[in-house]
Amino acid sequence: MDNKTVYYKPLPPKPATLLIIERGKQLRLVSLIGSMRIGRESANSTNDIDLSSGIASRNHGEIIYEDVEGVYYYRDNNSLNGTFYNGVKLEQLNERGTRAVRLSDGDILRIDCDNLLNPRSDAVILIFSTKFSSDEMWRRFSLEGASHVDIGRGITDGISLTDFMASRQHAALDLIDGKWVISDKGSVNGLAVNRSVLQGSRELAVFDIINIANTTLIYLGSEIIFNEVRIKTDPQAHIQRSVVMSVNINEVKVRKFNSFAKKTLLSNINLDVESGDFILILGGAGAGKTTFIKSLMGSIKRTGKVEGQVLFDNMDLYKNFKMLKHKIGLVPQFSTTRDNDTVYNTIMDAANIKLAGEYSGAEIKQRVDDVIKKLMLTSLTGSLVKNLSGGQKKRVEVAIQAIGDQEVFVLDEPDSGMDYATRVDLMKNLCSCTDTGGVVMVISHSPDDAADLFTKVIVLAKSQRDEVGRLAYYGDVQHAYEFFGVDKLSDIVMEINYEGGHGRGDEFIDKFERTRRG
Amino acid sequence: MHKTSRIKQTFVYIKKNFRLFMNQKDWKFIIIAAVISLLVCGVVGEKMFETYESTKSGFFAIISAAIWIGIFNSIQGVCKEHDTITSEYRSGLHISSYVMSHVLFDFAVCFIQTAILMAICCLFIDFPSEGIIVEGAVVEYFLTLFLIIWGSDIMGIMISSVSPNPNTAMTAMPFVLILQLVMSGVLFELNGWAEKIAYVTYSKWGMSALGSIGDLNSEDLPLKLSAVFPNVVRLETEAAYEATSENLLKAWGCILIIAVCCTIISIVSLKIRNRDS
Numbered sequence: 020m021d022n023k024t025v026y027y028k029p030l031p032p033k034p035a036t037l038l039i040i041e042r043g044k045q046l047r048l049v050s051l052i053g054s055m056r057i058g059r060e061s062a063n064s065t066n067d068i069d070l071s072s073g074i075a076s077r078n079h080g081e082i083i084y085e086d087v088e089g090v091y092y093y094r095d096n097n098s099l100n101g102t103f104y105n106g107v108k109l110e111q112l113n114e115r116g117t118r119a120v121r122l123s124d125g126d127i128l129r130i131d132c133d134n135l136l137n138p139r140s141d142a143v144i145l146i147f148s149t150k151f152s153s154d155e156m157w158r159r160f161s162l163e164g165a166s167h168v169d170i171g172r173g174i175t176d177g178i179s180l181t182d183f184m185a186s187r188q189h190a191a192l193d194l195i196d197g198k199w200v201i202s203d204k205g206s207v208n209g210l211a212v213n214r215s216v217l218q219g220s221r222e223l224a225v226f227d228i229i230n231i232a233n234t235t236l237i238y239l240g241s242e243i244i245f246n247e248v249r250i251k252t253d254p255q256a257h258i259q260r261s262v263v264m265s266v267n268i269n270e271v272k273v274r275k276f277n278s279f280a281k282k283t284l285l286s287n288i289n290l291d292v293e294s295g296d297f298i299l300i301l302g303g304a305g306a307g308k309t310t311f312i313k314s315l316m317g318s319i320k321r322t323g324k325v326e327g328q329v330l331f332d333n334m335d336l337y338k339n340f341k342m343l344k345h346k347i348g349l350v351p352q353f354s355t356t357r358d359n360d361t362v363y364n365t366i367m368d369a370a371n372i373k374l375a376g377e378y379s380g381a382e383i384k385q386r387v388d389d390v391i392k393k394l395m396l397t398s399l400t401g402s403l404v405k406n407l408s409g410g411q412k413k414r415v416e417v418a419i420q421a422i423g424d425q426e427v428f429v430l431d432e433p434d435s436g437m438d439y440a441t442r443v444d445l446m447k448n449l450c451s452c453t454d455t456g457g458v459v460m461v462i463s464h465s466p467d468d469a470a471d472l473f474t475k476v477i478v479l480a481k482s483q484r485d486e487v488g489r490l491a492y493y494g495d496v497q498h499a500y501e502f503f504g505v506d507k508l509s510d511i512v513m514e515i516n517y518e519g520g521h522g523r524g525d526e527f528i529d530k531f532e533r534t535r536r537g
Numbered sequence: 500m501h502k503t504s505r506i507k508q509t510f511v512y513i514k515k516n517f518r519l520f521m522n523q524k525d526w527k528f529i530i531i532a533a534v535i536s537l538l539v540c541g542v543v544g545e546k547m548f549e550t551y552e553s554t555k556s557g558f559f560a561i562i563s564a565a566i567w568i569g570i571f572n573s574i575q576g577v578c579k580e581h582d583t584i585t586s587e588y589r590s591g592l593h594i595s596s597y598v599m600s601h602v603l604f605d606f607a608v609c610f611i612q613t614a615i616l617m618a619i620c621c622l623f624i625d626f627p628s629e630g631i632i633v634e635g636a637v638v639e640y641f642l643t644l645f646l647i648i649w650g651s652d653i654m655g656i657m658i659s660s661v662s663p664n665p666n667t668a669m670t671a672m673p674f675v676l677i678l679q680l681v682m683s684g685v686l687f688e689l690n691g692w693a694e695k696i697a698y699v700t701y702s703k704w705g706m707s708a709l710g711s712i713g714d715l716n717s718e719d720l721p722l723k724l725s726a727v728f729p730n731v732v733r734l735e736t737e738a739a740y741e742a743t744s745e746n747l748l749k750a751w752g753c754i755l756i757i758a759v760c761c762t763i764i765s766i767v768s769l770k771i772r773n774r775d776s
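Order-wise, the sequence lines are chains D and Y.
Be aware that the first sequence starts at 20, since it is given in my numbering, and climbs by one per residue.
Be aware that the second sequence starts at 500, since it is given in my numbering, and climbs by one per residue.
Just to be clear, a hint being listed does not mean it is correct.
In silico PhoX-like cross-links for lysine-lysine, where the CA-CA straight-line distance does not exceed 25 Å [to be verified]: (1) D:Lys405 x D:Lys392; (2) Y:Lys695 x D:Lys384; (3) D:Lys204 x Y:Lys579; (4) D:Lys405 x Y:Lys770; (5) D:Lys282 x D:Lys308.
Worth flagging that the hints you see were computed from the coordinates, not collected in a lab.
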């Protein structure tokens, strides 16, 4: 390893949002674009985020973005009333302010008086999220005077959700001994409270975050606030990016063939996947591409062990596998559709399997029609699958996955065995799936056909030192060319491969590691 | 949390099975069944119910054909869809619904195949008219053959479920068929462990059922030797072929129990295969 200084080019700030709740005000969502100052509005305010509450100081605090780690922090600037961080008041550190606290998804900042047991009505609540999008609509539901509240899709009395993946009778809130208790009413997709899947029922505490499919509900004591999930068919509907999946894998081990011993196949994979990403996965033979995909899908646990976690919607995929597995769709290399069925029946049956218990026939048909339209399969609905081209078959398989509102699609070499024109057409189709906020990850051995379409590239390389696959690059395509000193994406594999390539895998693994550390 | 109802999913798959049956020309299995029936009945038909040996051999040949027809219906049906099942299981498929849809759809296919087999049998064989439980013996023959074909079909589903691919399933098929034929007790006398294994074969209980209906113990079915040596008579009857309703119901019940076990094994093996999907 050389000891040279590495040129570090900061990446754009990670997408994050602050949900601001103030008395008498509409709920506000503010996109965080790096470091931002927070304070009370005034004529000559220089704050990035203005608050109207009188208990907020003019220069109350600031959000600090640490671009090397890609982490947001909050610091109170020694304000008069201070800030509570997840219920604990931040103490003054020096004349500049309190210590900076690292912000994680769902963290609550509260500008209030000293006694939280007697909170002021004009307190300001700021909820940090990497998941919320600033173009979402948020609504309030008052719990005052109620003893039972139903939560479900399209219900008339209770908390009515617009989320297609929510069940009609998804959950209920009951006031028991002065405490609100939430229970799952036999929903299809379940619900989570504070990132843990709810089994049965549990008592709610103020600021508990409830996840029902793609809807987030926050319990504020006297009211519930929740986002309105719209059917994303319009590409313009997706403006704000958010972190969909966060991969923090220390090590993936699998059992060796004919042995009880385990071998490490992947190590040190840390990356965030954002909504709208169209990601290319590159790697030489044995670099761990398939293992990486299996880790993302959760299926690696069948044969191996993962040290680390994959966070999906900020919930641990492995711990909440049953609830989250429906959100990630895998389109394997070889077709899994039945050749002798029509395109329409194939998609309709997939919809019936996923949705029949909870949705009416008309709703399912509408959903199928939407997906067929979205994937441009309308003219093929009557064709037998066996009569489709390779690209069309892949579109059918993506449509099957898209029925259930999957957010992430992983495709293993979807373009293998196709001619150039079909490959380009397929990649364009797959890229269009990200227009409405979905994520598509593709392993391809012909990446240059549609290089401009990819938003990011993951490069995995097998280290010669320990025969373990590691991350050699994660970032956009343009920087990838610079990073590897190549003109084509396919040349990257040549650079990192030891067999038949230039054998620079370890060099780029180290270079990327240093780049990340700054 | 619950998934989409099992019954609804079962119906979705039954409809799909019908479409695939038509589109991939699986109805050829019905024609194959007709050809096999024709061959077997053509060979054994004339001599049935003349002597004890010819009748017993005839029943054995018909049962062998029925088992072959049943297993061949389904032996590749599940294993060629393993990847599809895995993908659908991840999306919310109930394995039990999937297996039951095959079992129920094949019920109809086996019913048609039995009807063809019986119709051809009736053309070549002069069945005694009196049954044990119902008046028409033909009804009892039909029901017995249907249970054997359907049960074998379900056994085919089981083999297909545990096999990783169609090649393995097709390799296993002859072994299963040989096991069924050997364990029928017709070719060899079974003792010890072989006798115990025979309890889980359709051939043993099928022979028992047909032997009961055809009354193989009857003095009206003399041994071949009796034609030359009239003094040679059968001294002992075989308990398995007792022409009693209890014996017949027991044979039918055992065939059904084996079929239920095969169904359960199919479901469990597919669940194990997809447990972490």
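*Hints the structure fails to honour*: Numbers 2, 3, 4 - these are the hints that the structure violates, sorted from lowest upward.
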